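2 protein chains.
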Amino acid sequence: MTHALPLPADLVTPCLVVDRDVLERNLVAMADRARDRGVALRPHAKTHKCLEIARRQVALGAVGLTVATVGEAEVFADAGFSDLFIAYPLWAAGPRGRGLRALAERVSLRVGADSSEGVELLAGALVGTPAEVVVEVDSGHHRTGVDPERAGDIAVAAQRLGLPVAGVFTFPGHSYGPGQVRPAAADEGQALQQAEAALRRAGVDAGLRSGGSTPTAALVEPAGLNEIRPGVYAFNDAQQVELGSANWDSVALTAAATVVSRHGTSIVLDAGGKVLGADRSAWATGNGRLPDHPEARVTALSEHHATVTFPAGAVLPELGSTVRVAPNHVCAAVNLADVLLVTANGAVVGQWAVAARGRNA
Amino acid sequence: MTHALPLPADLVTPCLVVDRDVLERNLVAMADRARDRGVALRPHAKTHKCLEIARRQVALGAVGLTVATVGEAEVFADAGFSDLFIAYPLWAAGPRGRGLRALAERVSLRVGADSSEGVELLAGALVGTPAEVVVEVDSGHHRTGVDPERAGDIAVAAQRLGLPVAGVFTFPGHSYGPGQVRPAAADEGQALQQAEAALRRAGVDAGLRSGGSTPTAALVEPAGLNEIRPGVYAFNDAQQVELGSANWDSVALTAAATVVSRHGTSIVLDAGGKVLGADRSAWATGNGRLPDHPEARVTALSEHHATVTFPAGAVLPELGSTVRVAPNHVCAAVNLADVLLVTANGAVVGQWAVAARGRNA
Chain P
25 MTHALPLPAD LVTPCLVVDR DVLERNLVAM ADRARDRGVA LRPHAKTHKC LEIARRQVAL
85 GAVGLTVATV GEAEVFADAG FSDLFIAYPL WAAGPRGRGL RALAERVSLR VGADSSEGVE
145 LLAGALVGTP AEVVVEVDSG HHRTGVDPER AGDIAVAAQR LGLPVAGVFT FPGHSYGPGQ
205 VRPAAADEGQ ALQQAEAALR RAGVDAGLRS GGSTPTAALV EPAGLNEIRP GVYAFNDAQQ
265 VELGSANWDS VALTAAATVV SRHGTSIVLD AGGKVLGADR SAWATGNGRL PDHPEARVTA
325 LSEHHATVTF PAGAVLPELG STVRVAPNHV CAAVNLADVL LVTANGAVVG QWAVAARGRN
385 A
Chain B
25 MTHALPLPAD LVTPCLVVDR DVLERNLVAM ADRARDRGVA LRPHAKTHKC LEIARRQVAL
85 GAVGLTVATV GEAEVFADAG FSDLFIAYPL WAAGPRGRGL RALAERVSLR VGADSSEGVE
145 LLAGALVGTP AEVVVEVDSG HHRTGVDPER AGDIAVAAQR LGLPVAGVFT FPGHSYGPGQ
205 VRPAAADEGQ ALQQAEAALR RAGVDAGLRS GGSTPTAALV EPAGLNEIRP GVYAFNDAQQ
265 VELGSANWDS VALTAAATVV SRHGTSIVLD AGGKVLGADR SAWATGNGRL PDHPEARVTA
325 LSEHHATVTF PAGAVLPELG STVRVAPNHV CAAVNLADVL LVTANGAVVG QWAVAARGRN
385 A
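These protein sequence lines are chains P and B, in that order. If you count the first sequence from 1, position 213 lands on 237 in my numbering, and the numbers rise without skipping. If you count the second sequence from 1, position 178 lands on 202 in my numbering, and the numbers rise without skipping.
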């Protein structure tokens, strides 16, 4: 049980608990890594959605924050964050366009785009403000983003409409798979360099090459990227551990859960999918992990139950005892909670509001 | 496109939209079914978490509400609901025990139990109040609940400690699978009758035989159960449609989402796992369905993106258009939202707070 972190007594479970010292180590390590490699760090705030953590990231040298939505940007702008990148190909029609313009008038704003139609709406919303467009390119995840060779078309469309272009960005989401981290990181750097070259050929001089993802951040080659946008690294999760991008000692957030039932080699916890989130990649070994019982697996998850199965002969946690569960995907778990309890050395030392929770629009 | 329901213009997507008339039909149909078969209806409020819907369920004849946690019970008790069943084997230690006692002193309360240790804590919290214990039995889902033959032991333990026993309950969660509904419903009725017989043999006279689940509610045999606790039926979801327990015309809640990207035969929507939830059973055909495009599948889901793939040759929704997505599991989606927009005939007619959102403890 070398990974055991003490849990405060009398927690009302289920609840999300952050170990302050592990979090701090994670934040410092990524800040140092970015500095050592000469790349800007713009952490994705969708993971933690907490003002306190974002402030610490900036204090440690982050150039600004990444967010996914106008609503998230509004929360952080209201709290005084002045440099925000909405890394999403926003469809800036109607009220969303007006919200975007209001943001651009008060903070330094960058916004993603991956279509000329999207750029037209962005122009309608943003021309006359200092906001910049960043062209999203597909580096192999095949979600949003244009082929790197087409990045110049989007950039030219933006410039013609009067929108400044900062550069290009990608999310190498295909890094999320066993053995995929290194090839995805290579794709990421290559796609960004290729896209920058396409911009240059189109006569657009824009230097930002922004990459993402906690798994690939460990492998950043300065030649490929000049900005990284990892999010999960603040907390880590079962997925990062199973990918080899984190270890149990760097998991800063867990759900505290009570054993409510015991049968055979299984226990049932009161933290279900409404606390842990239900994300489960095909390669995950279960629906979450117990850092203090690495041999156990969360073999079933319903809304208020997690069934945890142990190997035959294992000593099961007692009925009524409190155990820690690392969610598969911590971003999903945080977005389910209104507050995170902050602990240090086994005592609750505060709580942080999940300020941007549910701000999906 | 026979299932198309009009969506209001200028929605800020993503957001959850309830069609008031479809909801009403669903509520009436289940109330009628319970009445016709002579069983009590105690809807599970974890699905909708909305006071307005719970009030309508009671007005239509529900004997009370089912909830999963003390926190949910508190929300509904505060709003004046006077008959609540916490269908969960609560571990009533510390603050949870005190919260439970406070509830028992102001509403008619029933609480689940599946261990003698759990019953001891319930006794510590509840003796002296009129609260009743309901013994949870396992009817084949193998989550919580004792073997029906052991139900008498738990009931006797409760009575010895001064806790009245109302009867037995089960959740036939193994009904969630193709072809599983009918056998699971048979298991459910059989387990409850077997458990009641075990109680009688142990000298406990308690008549409640409470079953659950929207799929099996359609198949209730009056001989097996005298109370049903379906939840999902209020809204239905992609999972119920794929199970054959609902059809597109009875899906009352969808996420409104904007097409933000288009590539080949796929579109990308701005409603991801943080809006739809990430629940996906092994037998599900994707991560949600589009009622107006039954031929399409949600083939990938990330936090703020749903990738929807169409058959070759299909006419794809336009970039920037708004489409409806039925989540796989509506309970998870509702628990991610702070409000539900209520529509009728294509116009927003109100909004309901998800009053018990996030009340997991």
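Take these hints with a grain of salt, some might be off.
If we take Cβ atoms under 7 angstroms as the criterion, some of the chain P residues that face chain B in the derived model are [unchecked claim]: (1) D138; (2) G344; (3) S345; (4) C355.
Read the hints as simulated data drawn from the structure, not as lab findings. This one's a predicted model, so the numbers in the text were calculated from it and none came from an experiment. A virtual CB, placed ideally from N, CA and C, is assigned to each residue, including glycine.
For this session: List in ascending order the numbers of the hints, as given earlier, that are violated by the structure.
Result: Violated hint (a single one): 3; every other hint is consistent with the structure.
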